[in-house]
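Q: Each chain, written out:
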Amino acid sequence: MLSYVFRRLLAMFPNWLILSFLAFAIMDLVPGDPVVILLGPEASPTARAQFVERLGLNKPFFTRYGDWLGGVFRGDLGQALFLGRSVSQAILERARVTVPLGIGALLVAGLLGVPLGTLAAVHQGSLLDTLVMLTAMVGLATPEFLLGLILIFLFAVTLGVLPAGGYAPFSNGVGVALRYFIMPWFALGFSWAALVARMTRASMIEVLTCDYIRTARAKGLPERMVLGKHTLKATANQIVTVLGFVAVLIIGGAFVTEIVFNLPGMGQLLVSAIKRRDYPVVQGVILVTVTGVLLLNLVVDLIYAYLDPRIRYD
Amino acid sequence: MTDTTIDKRADKKRVPRVPFKRTLLGRLLRCRTFQVGMTILGPILLFILIAPYFLGYSALEMTSNFMQAPSSHHLFGTDSFGRDLAIRVCRGGRNSLLLGLAVMGTSTAAGVILGLSSAISTRMDLLMVRIVDIFMAFPEILLALGIMAILGQRVVNILIALTIVYAAKTARVARSSVLSISRQTYVEGARALGVPTWRILLFHILPNAMSPVLVQGTFVFGWAIILESGLSFIGVGVQPPTPSLGNILSDARIVLRIAPWITFFPGALIMLMVLGINFLGDGLREITDPKFRESQGKRR
Numbered sequence: 211m212l213s214y215v216f217r218r219l220l221a222m223f224p225n226w227l228i229l230s231f232l233a234f235a236i237m238d239l240v241p242g243d244p245v246v247i248l249l250g251p252e253a254s255p256t257a258r259a260q261f262v263e264r265l266g267l268n269k270p271f272f273t274r275y276g277d278w279l280g281g282v283f284r285g286d287l288g289q290a291l292f293l294g295r296s297v298s299q300a301i302l303e304r305a306r307v308t309v310p311l312g313i314g315a316l317l318v319a320g321l322l323g324v325p326l327g328t329l330a331a332v333h334q335g336s337l338l339d340t341l342v343m344l345t346a347m348v349g350l351a352t353p354e355f356l357l358g359l360i361l362i363f364l365f366a367v368t369l370g371v372l373p374a375g376g377y378a379p380f381s382n383g384v385g386v387a388l389r390y391f392i393m394p395w396f397a398l399g400f401s402w403a404a405l406v407a408r409m410t411r412a413s414m415i416e417v418l419t420c421d422y423i424r425t426a427r428a429k430g431l432p433e434r435m436v437l438g439k440h441t442l443k444a445t446a447n448q449i450v451t452v453l454g455f456v457a458v459l460i461i462g463g464a465f466v467t468e469i470v471f472n473l474p475g476m477g478q479l480l481v482s483a484i485k486r487r488d489y490p491v492v493q494g495v496i497l498v499t500v501t502g503v504l505l506l507n508l509v510v511d512l513i514y515a516y517l518d519p520r521i522r523y524d
Numbered sequence: 085m086t087d088t089t090i091d092k093r094a095d096k097k098r099v100p101r102v103p104f105k106r107t108l109l110g111r112l113l114r115c116r117t118f119q120v121g122m123t124i125l126g127p128i129l130l131f132i133l134i135a136p137y138f139l140g141y142s143a144l145e146m147t148s149n150f151m152q153a154p155s156s157h158h159l160f161g162t163d164s165f166g167r168d169l170a171i172r173v174c175r176g177g178r179n180s181l182l183l184g185l186a187v188m189g190t191s192t193a194a195g196v197i198l199g200l201s202s203a204i205s206t207r208m209d210l211l212m213v214r215i216v217d218i219f220m221a222f223p224e225i226l227l228a229l230g231i232m233a234i235l236g237q238r239v240v241n242i243l244i245a246l247t248i249v250y251a252a253k254t255a256r257v258a259r260s261s262v263l264s265i266s267r268q269t270y271v272e273g274a275r276a277l278g279v280p281t282w283r284i285l286l287f288h289i290l291p292n293a294m295s296p297v298l299v300q301g302t303f304v305f306g307w308a309i310i311l312e313s314g315l316s317f318i319g320v321g322v323q324p325p326t327p328s329l330g331n332i333l334s335d336a337r338i339v340l341r342i343a344p345w346i347t348f349f350p351g352a353l354i355m356l357m358v359l360g361i362n363f364l365g366d367g368l369r370e371i372t373d374p375k376f377r378e379s380q381g382k383r384r
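As they're listed, the protein sequences go chains A and B.
First residue of the first sequence? That's 211 in the numbering used here, and the numbers climb one at a time after it.
First residue of the second sequence? That's 85 in the numbering used here, and the numbers climb one at a time after it.
Same shape as in the complex, but just chain B:
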């Protein structure tokens, strides 16, 4: 008993602390691609967080100033109901961002659970692959539309629909990563020692199988924003008057000829948000996946 405690203490002393530079976060922060992503997203986040305090309008307040061009009163102009566009874009952007983040979380969790289940037994794996295959036969938006048709057009249901859409994709990535890790000798060793399966899955396989899943999660974040805006654009997603970038653009389409700024601002925000997120994803992939680094033609 005492021996092991002494050993543990000795081990702790021998293992030097990893300098911050070499931790995942440290490496990320020094990665150029990741920095580009942060540079794009930083101002957007700042706008979304701060704008409501100095704009002084509410997102739903209608006035008689229909479709006014951008001015010092209305930074982004007004829409066809006389509502201040800046605050609507800001709120819509926040909704899209939060929804994307939530979808990333839920679909990653679901995907990881499905992925881990395929390491339990061959039968589970076959079942998992079958389920995922079936969902992959749906084009993303069609699956989302079908689910929305069943559940009805509420924000929670968008979250559920997008989670189902992306969980299948993430499960695929998680499965291949989990299966390759579960063939490693140290996992076999743990199995031979009689470590219970759930322990092997959670503590031996999962931490080492996570990096491709995290990369996938980042891209899901971006895709979810695009898909949600698409759903809202065709009128099946976030319902007006609640602002979302997609439904603002849907209104903007009708008045594109006379009020192009209503298209410009929310459009630019979607593009920049997704662009920034994709750069973050590429950065994360660069530092976790040496093969991707090579394929990008970057030296170590």
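The shape of chain A in the complex, shown without the other chains:
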């Protein structure tokens, strides 16, 4: 198992290297001289020279990439241009918001989507099924930021029970933090809960028509066992697949959700960095996110092998 993880990490490395290259190349791909773009055309020659020195722009591209990559392995992503601190520090600070946001939303997607999809599959063709599937259709058509605005209007503006935005860390007490996180979790998780429900229902229906399920029922196994053990186990792999790519979608969605709820997370950091052209920050956030996605895919594959003994580690 450990050697499998190691081999997978090794196989991932070339892709990661290309991705890191793309992330780094962003600054050089922007048309025009970055110094002029950042300082404006009226900047004095000395200011310009200082800036070139600071960004290391006087060195050739591949030297700079090598330096940056070397830093990455030491956990150093360089200095942010406008934040007055290092990029890794800024990202770590912001990840404290984005990571709980993403995990909570994934839980909403899974805990809402899987049971509802199962329920719809079991009562296929009933009013309940139609209702769940229609809700799922609407959920899939609602962008997370729109649902966020609707929730803010309902719970913050009209009912006044939850704060409209902002953030409190979990260290201030779970209850306080939850008040800030509950709406973003639902706004971000609901669309994907809809996707999970649709996929769960589809794969459940496929399994429920299998012969061995009919046998299980025929031999008098309680329905709870048929569903909980026989069906769910057979669909678990597909559900994990869906949750895996839903997790990637949630990472992306989190960036927008943060803006709606004014959460100081990585999305806000990235968007403001793009607008200010703070390239080291843009490179850093992209690299960290992409690395996260690659690791996530690895975890999904490991869960696969755990759930389905036919998949071997070698």
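Please note that the accuracy of each hint is not assured.
What the hints assert, rightly or not - Straight-line C-alpha distance at most 25 Å; calculated SDA-like pairs for lysine to any residue:
1) B/Lys375 to A/Asn447
2) B/Lys375 to A/Leu337
3) A/Lys485 to B/Asp209
4) B/Lys375 to A/Asp421
5) B/Lys375 to A/Val436
6) B/Lys375 to A/Asp339
7) A/Lys269 to B/Leu235
8) A/Lys443 to A/Ala428
9) B/Lys375 to A/Glu416
10) B/Lys253 to A/Leu508
Claimed, not checked - Coverage of chain A stretches by chain B, computed from C-beta distances (three or more under 8 Å per stretch; other residues unrestricted):
11) 440 to 446
12) 488 to 500
Worth flagging that the hints you see were computed from the coordinates, not collected in a lab.
All values reported here derive from a predicted model rather than from experimental measurement.
Positions of the beta carbon are idealized from the N, C-alpha and C atoms, including for glycine.
Dock chain B against the given chain A, drawing on the hints supplied.
A: Showing chain B alone in chain A's frame:
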């Protein structure tokens, strides 16, 4: 020479014309799910096409009637610059729809080319899979943001960014469809007859591999609308004052407390547009993919 012409003519006579009911379009029009989609999209299209003629306002004209509630003068009310919201939502909806349609076209074309290339040789296939894998490691919006950061915030660049985002996804679908078709015996037969590769790709494989790609294209249409509105919402997409549903909602967020209708109308339009498009996609999938039909629990 003459023999073959006679044969062709005889063949034409023998093949009965497919009745309209059984063509793709005929089957689509009778599909319930597709009909639901059309019912939702029809009025929206009508609104987008006709509204500019009877609303009598321009999308950029500012007045001193800030944030007025919907009335007979301003059907959807006005926004925080005193602009008529109905015409802005209408124009924004049109922009989103056109952009989504364009992204669907360009990403499908790019995806199909990439997908076909994997049928040329194993080496091409490996290269293709590698490229697609790399792009799939980016969450959609992050890739789009990165590309926008490079290209700058112009409408054409949104089209380019979204095309790159969805071409990779479509390429995956196209590849699996193309590879399964290219293993069919009739393709092998054509190869054995010495038909050139490009001919096999274009005339033997492509037409038969298209239906999953078309279904994917329909969903890309909907996703592109959502992603574009998201980009515009966070201020990296369509730039104001040019209206887009996303940037109207971004302005609306600030005044949500006092003028909720500015959120309601563009929000409802995005939802209904994407809902309608997704129904069209599901309908298309139902009639082209028997397995999906079964999984939806529908009988033939």
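Q: Does each hint hold? Answer for all of them.
A: Here is how each hint holds up against the structure:
no. : hint                 : result
1   : B/Lys375 to A/Asn447 : holds (19 Å)
2   : B/Lys375 to A/Leu337 : holds (23 Å)
3   : A/Lys485 to B/Asp209 : violated (38 Å)
4   : B/Lys375 to A/Asp421 : holds (18 Å)
5   : B/Lys375 to A/Val436 : holds (24 Å)
6   : B/Lys375 to A/Asp339 : holds (19 Å)
7   : A/Lys269 to B/Leu235 : holds (24 Å)
8   : A/Lys443 to A/Ala428 : holds (19 Å)
9   : B/Lys375 to A/Glu416 : holds (9 Å)
10  : B/Lys253 to A/Leu508 : holds (20 Å)
11  : 440 to 446           : violated (count 0)
12  : 488 to 500           : holds (count 4)
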